[in-house]
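Residue-level listing of the chains:
There are 2 protein chains.
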Amino acid sequence: MSKHVKEMGVLKEHLGKHQLKFTRQRELILDAFLKQEHITAEEMYHQLARKDPHLGLATIYRTLNLFCEAGLAQARHFGTQTQYDNISHKGHHDHLICTGCGKIVEFENCDIERLQEEVASRNGFTIQTHRLELYGLCSPCRQ
Amino acid sequence: MSKHVKEMGVLKEHLGKHQLKFTRQRELILDAFLKQEHITAEEMYHQLARKDPHLGLATIYRTLNLFCEAGLAQARHFGTQTQYDNISHKGHHDHLICTGCGKIVEFENCDIERLQEEVASRNGFTIQTHRLELYGLCSPCRQ
DNA sequence: TTGAAATTGATAAACCGTCTCAATAAAAGA
DNA sequence: TCTTTTATTGAGACGGTTTATCAATTTCAA
Chain A
868 MSKHVKEMGV LKEHLGKHQL KFTRQRELIL DAFLKQEHIT AEEMYHQLAR KDPHLGLATI
928 YRTLNLFCEA GLAQARHFGT QTQYDNISHK GHHDHLICTG CGKIVEFENC DIERLQEEVA
988 SRNGFTIQTH RLELYGLCSP CRQ
Chain B
868 MSKHVKEMGV LKEHLGKHQL KFTRQRELIL DAFLKQEHIT AEEMYHQLAR KDPHLGLATI
928 YRTLNLFCEA GLAQARHFGT QTQYDNISHK GHHDHLICTG CGKIVEFENC DIERLQEEVA
988 SRNGFTIQTH RLELYGLCSP CRQ
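Protein chains in written order, with the working numbering: chain A, 868 to 1010; chain B, 868 to 1010.
Hints in this document: simulated from the structure, not taken from any laboratory.
One should not assume that every hint holds.
Note that identical chains are pooled: a pair holds if it fits in a single copy or bridges any two copies.
[Said to hold, decoys possible] DSS-like mimics (lysine-lysine), calculated; alpha carbons at most 30 Å apart, straight line:
hint	residue 1	residue 2
1	Lys-870	Lys-970
2	Lys-918	Lys-970
3	Lys-970	Lys-879
4	Lys-970	Lys-873
5	Lys-884	Lys-970
6	Lys-873	Lys-888
7	Lys-884	Lys-873
8	Lys-918	Lys-902
9	Lys-884	Lys-870
10	Lys-879	Lys-902
11	Lys-870	Lys-902
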């Protein structure tokens, strides 16, 4: 049923290493999570309400944080809420954020990514993921 | 007394344009703010408690937000709190972060910054500040 | 199958930041 | 200067998001 075999494996490995258990809820939430690029706990709560009306919000928060620890997700604080980014969707996590009106534009730039790789390898690092946010004013907000 | 003549001028100009008033609290908070690279409202509250024990936390939040509108500060959500960055400190805060051992390497790369400017202008934005974090494994952690 | 240990769901509580409002202070006018 | 108008302040209430609590349940190894 699940098509996310690789990520499921990552999760199970993490669980095994930390004496944690593989539950129906964790499987359900991971499946839903991997279908998106990023999501908030609240959004997921509503999405899953139909599949499992008794799934608690606290469980979703706990599980998304678990995914962060397992290296499957990355938390990002946006406005008042926390966005959980799907790390397996590489290259789509860059944002232009208007400090005037809050507008967010997503972008992708291969040249920047290539330079990031260079910086990393020069320092002996292998990049798993990254976060790039540019803050400024969009043209309407500049008047 | 105040050494921040230029920034005080920026503030006064903004106040004038918006029918706002120059108050003792705003002067006090701006002076304290400009001495730091970035600060939270809570931190400033404690810092200023000695100088003015009756200065309210709400006033600090309001004033820091005012500084953002005036272009003197930049709000950034970090962890659960909001950091207010001093824009006049144009330091580059790019980081390489090892997800294995937590080691952090700071770096600066002009080419990346130039590309960021390009992306921004292509989207009609003017960059005030940015944040770039690369997550990965350092060579010892890769074994 | 049993039992120890982790997880869950429901909700209370904590936390951060904003809103409210009466009292006060700042600018503008006479 | 004195008065008047208007914005600001401080204190605490409030609202939204995330975490903590805890009894009941589920997982999993023996």
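Each hint tested on the structure:
For the identical chains of this complex, Lys-870 and Lys-970 are neighbours neither inside a copy (34 Å) nor across copies (35 Å), given an alpha-carbon limit of 30 Å. Taking the shortest Cα distances, Lys-918 and Lys-970 never come within 30 Å of each other, neither inside one copy (32 Å) nor across copies (38 Å). For a Cα distance limit of 30 Å, the shortest separation of Lys-970 from Lys-879 across copies, 26 Å, qualifies, whereas the shortest one inside one copy, 38 Å, does not. Proximity of Lys-970 and Lys-873 under a CA criterion of 30 Å is satisfied inter-copy only: 27 Å between copies versus 35 Å inside one chain copy.
Within a single copy, Lys-884 and Lys-970 get their C-alpha atoms only as close as 41 Å, which misses the 30 Å cut-off; across copies the closest is 22 Å, which meets it. Taking identical chains as interchangeable, the C-alpha atoms of Lys-873 and Lys-888 lie at most 30 Å apart only when both belong to the same chain, with a minimum of 18 Å there against 59 Å between chains. Taking CA atoms no more than 30 Å apart as the test, Lys-884 paired with Lys-873 passes inside one copy only; the shortest distance there is 17 Å, against 56 Å between copies. In the homo-oligomer, the alpha carbons of Lys-918 and Lys-902 lie at most 30 Å apart inside one protomer (15 Å), although the nearest pairing across protomers, at 53 Å, exceeds that limit.
Taking CA atoms no more than 30 Å apart as the test, Lys-884 paired with Lys-870 passes inside one copy only; the shortest distance there is 23 Å, against 56 Å between copies. In this homomeric assembly, Lys-879 and Lys-902 come within 30 Å of each other (Cα to Cα) only inside a single copy, at 19 Å, whereas the closest approach across copies is 48 Å. Proximity of Lys-870 to Lys-902 under the C-alpha cut-off of 30 Å is restricted to the intra-copy arrangement: shortest distance 10 Å within a copy versus 53 Å between copies.
Consistency with the previously given hints fails for numbers 1 and 2, ordered from lowest to highest.
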